[in-house]
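Here the protein sequences line up with chains R and P, keeping their order. The first sequence maps to residues 196 to 512 in our numbering. The second sequence maps to residues 605 to 696 in our numbering.
Do not rely on the hints blindly, as some may be mistaken.
Partial selection, computed: residues in chain R whose CB lies under 7 angstroms from chain P [what the hints assert, rightly or not]:
id, residue
1, G303
2, L492
3, L493
FRET-style restraints, in silico, Cβ to Cβ [unchecked claim]:
id, chain 1, residue 1, chain 2, residue 2, range
4, R, R445, P, P666, 34 to 42 angstroms
5, P, P666, R, R477, 21 to 29 angstroms
6, R, A235, P, D636, 17 to 25 angstroms
7, P, P666, R, P302, 45 to 53 angstroms
8, P, D636, R, P483, 28 to 36 angstroms
9, R, D387, P, D636, 52 to 60 angstroms
10, P, Q634, R, M196, 54 to 62 angstroms
11, R, A486, P, D636, 34 to 42 angstroms
12, P, P666, R, G205, 32 to 40 angstroms
13, P, Q634, R, L427, 19 to 27 angstroms
14, R, H252, P, D636, 40 to 48 angstroms
Taking lysine-lysine and the DSS-like style, the derived pairs with C-alpha atoms no more than 30 angstroms apart in a straight line are [to be verified]:
id, chain 1, residue 1, chain 2, residue 2
15, R, K453, R, K354
16, R, K441, R, K467
17, P, K633, R, K354
18, R, K315, R, K280
19, R, K278, R, K226
20, P, K633, R, K405
21, R, K453, R, K389
22, R, K488, R, K433
23, R, K453, P, K633
If you are wondering where the hints come from, they were derived from the structure by calculation, not from laboratory data. Backbone N, C-alpha and C fix where the C-beta goes; we use that ideal spot for every residue, glycine too.
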Amino acid sequence: MKTYFFLGKGGVGKTTASAAWSVGLARSGMKTLVASIDPAHNLGDAFAADLGDRITHVADNLDAVEVNIDDMIRAYLDELSVKMKHTYSYMSAMNIDGYFDILKDSPGIEEYATMEAIKKFVALAQYDAVVFDTPPTGMTIRVLAMPRVSLLWTEQLVKMRKRILATRGMVENVQGRLEAQVDGETVVLSSDEKEDPIMQELVAYREELKTLKDMFSSDQSYVSIVTMAEDLALLETKRIIESLGKFRIRVHAIYLNKFFAMANPPDEIKGKMEEQERVVARMKAEIPGIAVKDIPLLRNSPRGIEALFTVYSKYLV
Amino acid sequence: MGRLLDSLKRGFRSFDKGMREDATSLIRKQLDEEESVFALLTMGAFSGLPSPPTGVLLRILPHMSREISVMNKRSAGLDDVFSQTLGTFDID
Ligand SMILES: Nc1ncnc2c1ncn2[C@@H]1O[C@H](COP(=O)(O)OP(=O)(O)O)[C@@H](O)[C@H]1O
Ligand SMILES: [Mg+2]
């Protein structure tokens, strides 16, 4: 399974690039899914098709989907709260609702849900490749960093849990099985890792996170930056590469979209064109080892399979 | 004769158990503390402590009801648990 991510600010051309890329992969014979995980969806616009939460067939070898992250969060929390109310009847419903009200808005929940969406799609065995149309850069970096950061915490919690179970074992040796009263019900506290549901969950989650972390850092995962040939983009691009580097994620290519090319430019835009040339030259010099490609500003916004394939074959590969 | 031996044995056993329980009451206390720290840390989102990424919390939340109740009972003695939490948690 190969994965592709196109990072950039809103409006730079992430959707266009990821849609075009997915068309290119599909035409090369790879079973491809293009999934928008950007809450501001416009993948449907690029394909000139109605897309939504259901995976839709858009061309030979190519399916597309737009994930509603907010719905995903709501559905997940609802399910969890129902489950908890059911299992723990002795906890008052009001209490549980209170916790979930906080959780709903807790920092990082959107990143978490986005990571879960990615996990879900890469687990689909019927595809050879998944192309992600991502939210704006900052959010996407946090999502890509999430497995590594969560893993740190999970490993720490596993250690703490191990210590608790070992201490429980010592108490157990003398007093027999440990029990606790929780709101009037007796709960058995096992010292066996296999019988401790929290330990089991932590260990399972740790494995999932490791898999995802390794996937993001592997040579099967391609992360590219979409930006424009402007002075400010240079610094920003360097910063993205540096942040991703901290999480061992390598940037594959930089696309300078909406590149202005003209044979005899009028004076009004000469300055702009000089800026473009300057940025291209500096990117190539200051960011070694990463391909820099420009995509010209096209007369028409590329829409539909054919237009997207043209973008892919002329400018992306 | 057999009865006397039995009651002696019983006596020794409960004496021994008493001694051991004294020693384990310390361990029990340690266990309580460890469990509280775990509860506070994982439920940190509700107490303003540094807390694990929401994903980690969501995964173990269904199994945390006991931890939640431990924390609620403990919130009176929050001060020492705070300092313990900080001491226990060091990311390497
Ligand atoms: N090279 C290009 N030439 C002309 N229009 C473009 C080009 N790239 C993107 N566009 C148009 O610019 C708008 C924003 O691009 P889009 O891919 O939706 O950006 P993003 O997903 O990053 O917000 C869209 O209308 C798109 O069709
Ligand atoms: Mg978009």
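Are the Cα positions of R:K278 and R:K226 separated by 30 angstroms at most? violated, 37 angstroms
Would you mind confirming whether the straight-line C-alpha gap from R:K453 to R:K354 stays at or under 30 angstroms? violated, 51 angstroms
Against the range 19 to 27 angstroms, how does the distance between the Cβ atoms of P:Q634 and R:L427 compare: consistent or not? Cβ of P:Q634 to Cβ of R:L427: about 56 angstroms, so the range 19 to 27 angstroms is violated.
Hinted pair, alpha-carbon criterion (30 angstroms max): R:K488, R:K433. Please report holds or violated. Holds, because 16 angstroms separates the two Cα atoms, which is no more than 30 angstroms.
For the pair R:A486 and P:D636, does the Cβ-Cβ distance stay inside 34 to 42 angstroms? The hinted range 34 to 42 angstroms is violated for R:A486 and P:D636, with Cβ atoms some 59 angstroms apart.
Has the hinted range 17 to 25 angstroms been met by the Cβ atoms of R:A235 and P:D636? Given a distance of about 49 angstroms, which is not inside 17 to 25 angstroms, the answer is violated.
28 to 36 angstroms was suggested as the range; check whether the CB atoms of P:D636 and R:P483 agree with it. violated, 57 angstroms
Agreement of R:K315 and R:K280 with the hint, judged by alpha carbon distance not exceeding 30 angstroms: holds, 26 angstroms
For the pair we were handed, R:K453 and P:K633, check the Cα-Cα distance against 30 angstroms. Outside the cut-off at roughly 66 angstroms; violated.
Holds or violated: R:L493 as interface residue toward chain P, Cβ cutoff 7 angstroms? Since chain P brings no Cβ nearer than about 40 angstroms to R:L493, farther than 7 angstroms, the hint is violated.
Holds or violated: R:K453 with R:K389, Cα cutoff 30 angstroms? The hint is violated at about 56 angstroms.
Could you say whether the range 40 to 48 angstroms given as a hint is met by the Cβ separation of R:H252 and P:D636? Hint violated: Cβ distance 58 angstroms, outside 40 to 48 angstroms.
When the structure is compared with the earlier hints, violations turn up for hints 2, 3, 5, 6, 7, 8, 9, 10, 11, 13, 14, 15, 16, 19, 20, 21 and 23 and for no others.
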